[in-house]
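The opening residue of the sequence shown carries number 22 in the working numbering; numbering runs sequentially from there.
Quick caveat, the hints were computed from the structure, so don't treat them as lab data. Here the structure is a predicted model, which means the values were calculated and not measured. Virtual Cβ for every residue (Gly too), placed ideally from N, Cα, C. Careful: at least some of the hints might be erroneous.
Calculated pairs, SDA-like style, for lysine to any residue (alpha carbon to alpha carbon, straight line, at most 20 Å) [what the hints assert, rightly or not]:
1. Lys426 <-> Leu330
2. Lys150 <-> Tyr378
3. Lys370 <-> Pro430
4. Lys429 <-> Lys206
5. Lys370 <-> Leu247
6. Lys316 <-> Ala412
7. Lys89 <-> Lys426
8. Lys370 <-> Arg216
9. Lys206 <-> Arg114
10. Lys370 <-> His208
11. Lys427 <-> Arg216
12. Lys150 <-> His208
13. Lys316 <-> Pro209
14. Lys206 <-> Phe24
15. Lys89 <-> Pro209
Pairwise CB distance ranges (calculated) [to be verified]:
16. Ile196 <-> Phe24: 42 to 48 Å
17. Pro199 <-> Ile420: 43 to 49 Å
18. Asp399 <-> Ile420: 27 to 33 Å
19. Ile420 <-> Ser56: 30 to 36 Å
20. Pro199 <-> Asp279: 40 to 46 Å
21. Trp307 <-> Gly181: 24 to 30 Å
22. Arg336 <-> Asp399: 30 to 36 Å
23. Ile385 <-> Trp307: 27 to 33 Å
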Amino acid sequence: MYFGWYTVLAGAIISCWGYGSWYYGMSALFMPLISEYGWTRAQLSAAFSMRSIEGGLEGPFGGILIDKYGPRIVTVVSTIISSVGLILTLFVRDIWQFVFVWGFVVSLGYNLGLYDTVNAAVAKWFIRKRSFALSLVTVGGGLGGPVIVPIMTWIIVDYGWRVALIFVALSSLIICLPLAWFFIKPHPPEYYGLRPDGGTVIPKLDGDVKHDSGHEEYDFTARQALKTSSFWMMLTALTLNGGTLAMVTMHQMPYLEDIGVDVMAAAGILGLMATMSLPGRPIFAWIADRWGEKKTLVLAFAMKALGLLVLISARSLAQITLFVIFFGLGYGGTMPVSSSIRASYFGRKSYATITGYTTLFTAITNIAYPIFAGWSYDISGSYTTAFAFVAGLQALAIIFMLLAKKPKPPA
22 MYFGWYTVLA GAIISCWGYG SWYYGMSALF MPLISEYGWT RAQLSAAFSM RSIEGGLEGP
82 FGGILIDKYG PRIVTVVSTI ISSVGLILTL FVRDIWQFVF VWGFVVSLGY NLGLYDTVNA
142 AVAKWFIRKR SFALSLVTVG GGLGGPVIVP IMTWIIVDYG WRVALIFVAL SSLIICLPLA
202 WFFIKPHPPE YYGLRPDGGT VIPKLDGDVK HDSGHEEYDF TARQALKTSS FWMMLTALTL
262 NGGTLAMVTM HQMPYLEDIG VDVMAAAGIL GLMATMSLPG RPIFAWIADR WGEKKTLVLA
322 FAMKALGLLV LISARSLAQI TLFVIFFGLG YGGTMPVSSS IRASYFGRKS YATITGYTTL
382 FTAITNIAYP IFAGWSYDIS GSYTTAFAFV AGLQALAIIF MLLAKKPKPP A
């Protein structure tokens, strides 16, 4: 089997464990931390959102490190950092301590080891099958919701949130380190005498790696990409879109509990939303291969906006189910296609660096949306205003994405 598919499998498992515990798992930790420490929802939302500040600050530098040293070593180091940070979280007492440990130490490890490195590794091994390969990686990330969150919630309910974090830290080291070391290569396939997407072996190259002419695409440098209007239109669209999922995953369980849903049922609904995103990832990747990434992202953004509007008025199982379907499919489709469009527009060579710049700007809404939702609840006792406003911004993202045309290579 073509080695790139082993990289896809390893990336999917690493994403499952990481996103399930760090990203989706935040919602399971939300109420236990408030109950123990008495922090407000806005305070804890701000603390959790520090992950995006760290991700934004680290993004460009992390991307440069990945392009220079390869995704393997960065994944190994970041997994160790995140596990150490989870153990340090057990000893926090004040909100500022939690902000520092979770927002900067834990998030440094997960931001580097999940999104940037895994996607960069896979994107370098595929061109024609890139959207599909990235969709399989994001399927792994989506499985973190239905697989890891119920496990974490069960451990939290029976043994406490500290035991849950110990479980996550140890299991991450045992599972992710071997996968990263053996199945994530530091170089693109041409370096090993292989073609992107598989196929006939080509002579191994020494020195600078040249792309196989049968799969040619122009590689922009990061500086060239930043000079195109396409980059900034796409960046604005992805920024407006980015924080929507962060807000929903952070506040969905508290919101459902507020309207009378049992805590375990709320965890199940969060897992179901993540499960619904799973078919959305390969389906939207398939659509992107036929419609193009830009039109596919417009469709995904529209479904997310519609899902938010349904959630605002959801008071019955049928309404909650509609939210799960629309939002789950929409955000599931967004993930692989937004990763693929960067490589399709700007090539593979500086993919991680360009992704790092994108992370820097999308951090704005990843920070702002969850804090705004928590603040809105604290002053009004309702999430309605925040959810409706973000749905409007999601619609605005559609306009900017339509303006993001594929750039022409510089003369």
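Hints and how they fare:
1. Of the supplied pair hints, the one linking lysine 426 and leucine 330 is violated, its CA atoms being roughly 29 Å apart against a limit of 20 Å.
2. With a CA separation close to 24 Å, the supplied pair lysine 150 and tyrosine 378 exceeds the 20 Å bound.
3. The suggested pairing of lysine 370 with proline 430 holds, with an alpha-carbon distance near 14 Å, which does not exceed 20 Å.
4. Using a Cα cut-off of 20 Å, the hinted pair lysine 429 and lysine 206 is violated, with the two alpha carbons roughly 30 Å apart.
5. For the hint pairing lysine 370 with leucine 247, the CA-to-CA distance comes to about 15 Å; that is within 20 Å, so the pair holds.
6. The hinted pair formed by lysine 316 and alanine 412 meets the criterion: a straight-line CA distance of about 19 Å does not exceed 20 Å.
7. Distance restraint check for lysine 89 and lysine 426: the Cα-Cα separation of roughly 29 Å exceeds the 20 Å cut-off, and the hinted pair is therefore not satisfied.
8. At roughly 15 Å between alpha-carbon atoms, lysine 370 and arginine 216 fall within 20 Å of each other, so this suggested pair holds.
9. Restraint check for lysine 206 and arginine 114: not satisfied, since their Cα atoms lie roughly 40 Å apart, outside the 20 Å limit.
10. For the given pair, lysine 370 sits about 10 Å from histidine 208 by alpha-carbon distance, which is consistent with the 20 Å threshold.
11. For the given pair, lysine 427 sits about 25 Å from arginine 216 by alpha-carbon distance, which is inconsistent with the 20 Å threshold.
12. With a C-alpha separation of about 18 Å, the suggested pairing of lysine 150 with histidine 208 holds against the 20 Å cut-off.
13. Pair hint lysine 316 plus proline 209 does not hold up; C-alpha atoms about 29 Å apart against a cutoff of 20 Å.
14. Taken as a hint, the lysine 206 and phenylalanine 24 pair is honoured in the structure, with Cα atoms around 9 Å apart against an allowance of 20 Å.
15. Pair hint lysine 89 plus proline 209 holds up; C-alpha atoms about 12 Å apart against a cutoff of 20 Å.
16. In this structure, isoleucine 196 and phenylalanine 24 break the distance hint of 42 to 48 Å, their C-beta atoms being roughly 20 Å apart.
17. At about 45 Å, the CB distance of proline 199 to isoleucine 420 agrees with the hint of 43 to 49 Å.
18. Take aspartate 399 and isoleucine 420: their Cβ atoms lie about 31 Å apart, and the range 27 to 33 Å holds.
19. For isoleucine 420 and serine 56, the Cβ-Cβ distance of about 42 Å falls outside the hinted range of 30 to 36 Å, so the restraint is violated.
20. Under the hint 40 to 46 Å, the C-beta atoms of proline 199 and aspartate 279, about 42 Å apart, fit the expected range.
21. With their beta carbons about 43 Å apart, tryptophan 307 and glycine 181 fall outside the hinted range of 24 to 30 Å.
22. Separation of arginine 336 from aspartate 399 is about 22 Å and departs from the stated range, judged on CB atoms against 30 to 36 Å.
23. Isoleucine 385 and tryptophan 307 have their C-beta atoms about 31 Å apart, which keeps the hinted 27 to 33 Å range intact.
Checked against the numbered hints listed earlier, the structure breaks hints 1, 2, 4, 7, 9, 11, 13, 16, 19, 21 and 22; every other hint is satisfied.
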